[in-house]
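Please put together the full structure from these sequences, using the hints given.
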Amino acid sequence: MAGLEDLYREIILDHYRSPRNRGELDAPPAHKVEGFNPLCGDEVVLYLDVDPDSETVRDIKIAGQGCSISQASTSMMSAAVKGKSLEEVRQLTRAFKALMSIHESKLEGDGEGDGADLAAELSGVRLGDLEALQGVVKFPVRIKCATLAWNTLEQGIDEVLTSTP
Amino acid sequence: MAIDIATIKRDFPILEREVNGKRIVYLDSAASSQKPLAVLDAMDDCYRRYYANVHRGVYTIAEESTAAMELARAKVARFVNARQSSEIVFVRNATEAINLVAYSWARANLQAGDKIVLSHLEHHANVVPWQMLAAERGVEVRWIPLTPDFRLDLTDLDELLAGARLLAISAMSNVLGTITPVQELIAAAHAAGALALVDACQYVPHVATDVQAWDADFVAFSAHKMCGPSGIGALWARQELLEAMPPFLGGGEMIRDVRLDGFTTNDVPWKFEAGTPAIAESVGWGAAVDYLQGLGMDAVRAHEVELTAYALSAVHERFGADLTVYGPQDTAIRGGAVSFLFDGIHAHDISQVLDEDAVCVRAGHHCAKPLMRQLGVPATTRASFYVYNDEADVDVLIEALAKAQKFFEI
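Chains B and P, in that order, are what the protein sequence lines are.
1 is the number of the first residue of the first sequence in our numbering; add one for each residue after it.
1 is the number of the first residue of the second sequence in our numbering; add one for each residue after it.
No wet-lab data here; the hints were simulated from the structure.
Fair warning: there could be bad hints in the mix.
Stated by the list, open to error - Keeping only pairs whose Cα atoms sit at most 20 angstroms apart, straight-line, the calculated SDA-like set for lysine to any residue is: (1) P:Lys406 with B:Asp6; (2) B:Lys138 with P:Cys360; (3) B:Lys138 with P:Cys367; (4) B:Lys138 with B:Ser101; (5) P:Lys115 with P:Met132; (6) B:Lys144 with B:Glu43; (7) B:Lys138 with B:Lys32; (8) B:Lys61 with B:Gly23; (9) B:Lys138 with B:Gly3; (10) P:Lys403 with B:Asp14; (11) P:Lys75 with P:Trp270; (12) P:Lys403 with B:Gly3; (13) B:Lys32 with B:Gly3; (14) P:Lys403 with B:Asp6; (15) B:Lys97 with B:Leu127; (16) B:Lys144 with P:Cys367; (17) P:Lys406 with B:Asp14; (18) B:Lys138 with P:Met132; (19) P:Lys406 with B:Glu10.
As the list claims (entries may be wrong) - Calculated from the model, a selection of chain P residues having no Cβ within reach of chain B, i.e. all distances over 10 angstroms: (20) Glu18; (21) Ile24; (22) Arg137; (23) Asp153; (24) Val305; (25) Ser313; (26) Cys360; (27) Ala363; (28) Met372.
What the hints assert, rightly or not - Below, a sample of chain B positions facing chain P; criterion: calculated Cβ distance under 10 angstroms: (29) Gly3; (30) Tyr8; (31) Ser18; (32) Arg22; (33) Gly66; (34) Ser68; (35) Ile69.
Since the structure is predicted, the reported quantities are computational estimates derived from the model, not experimental observations.
Ideal placement from N, C-alpha and C gives every residue a C-beta, glycine not left out.
As structure tokens, this is what we get:
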């Protein structure tokens, strides 16, 4: 049986109580993108300062409201992608989503950590603190809470790139 | 006659279920209720002894299944004091009942510029069908706002109803628990020349309902919230309205005759029941009606009023200002759905911790996003009570909430 401590790791609660990069950027020049989780009404707002020339996330601010998982995941995502190149961000996104989906398909397995290792292997990136969220996959209805920030980030970056000539 | 809660609990086999090593405490009846043995047995008996398609075969079990379904219709009709059984149209659920009115009556009668009046506490089922109609026909939707104490604000009711063709209103909020003054609202609607639709799917399971006393035109409700099976609900409407309305879905059963150049419709209510209906479910619903009537709806209501009062005072005593209840405090004007939020803890996180103790509550927007926006909250946790809940269930809830509060405040 998956216990609460699998879901609510201390580092998650820390990001929930003290979110990193909380705030706003002027949009424009920054790009504002919103994501919603219709299931629980979670809301994620991202302000992205993406430099199209160097293809890096120069700055990111987060806002919104929702459950501890969605808000902690947003905070952890912002810390993970700030200052990174878009290529690194794409790798992180893929790795994080793999972490969420690999476990999804083998929920009854007890191989804790396998998903994270496999995901890292797949993408060749280290997820670091983000791995704390792997317990979420034992609670299938909460996976969307954890992936909301990343889906919103992907959407925002797509929007920035398509609007840049 | 008072409710004998120990006996009632034994009537619901699922309440024996254990989750995480603990017996479940089911506090989500506003979403869907649990089913007593009488309902399970009636449906089982139908499938085992006399199941066949209805209104078709001349063989014995087809006659029996048809009779069983029509008997269930009669029971449901009596339960809400319809004038006759034919005023009960079986549909899938209350949502379909409202859509039936929107597609059939409204599209035959409403033009661009016509007005429909809703309220801020409506479920999406009584919002979106009208918004779809508004987008298609240019019908205008108007809204009755709420007061700060979670009632409908009727200050400008007459202005809102001026020129309206339909008032569509919930009898009891699935989020706030608020019971609306249905009779008064309908009288005002009729005085303004509008018809009145009542979304009664939270009301019928909990309070003795009399559609004639309401003087309503359309009433939507479902079986699954009143101890019956999912997959069946009803639209009650005045006979003459149903007769004048065009059919909704086309197919078998709803026709009298079909030729190459067209069709004629069957009599009411079958005119609106295209396709094979929910046969065993109708039988189960009939058994649910018998079960509730055996308890007595006044006793059911009295039990829930008492339990809701106990819960409201218990959360206040235990959590004080840390917990906000969204809904009236006066149990005379509310049902057993209690929505709340802890200061600084999201509804989903509360609900997750409660699951550890096998306490089943709902967290989210409860399919009432316009209302959540009015309340200024993204989500609430909702505990909702029914006839099989007791004070011990509330006590387990309180202890589990205290645990959740402690967990997130560490």
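Give me the numbers of the hints this structure contradicts, sorted from smallest to largest.
-> Of the numbered hints, 3, 7, 13, 18, 27, 28, 31, 32 do not hold.
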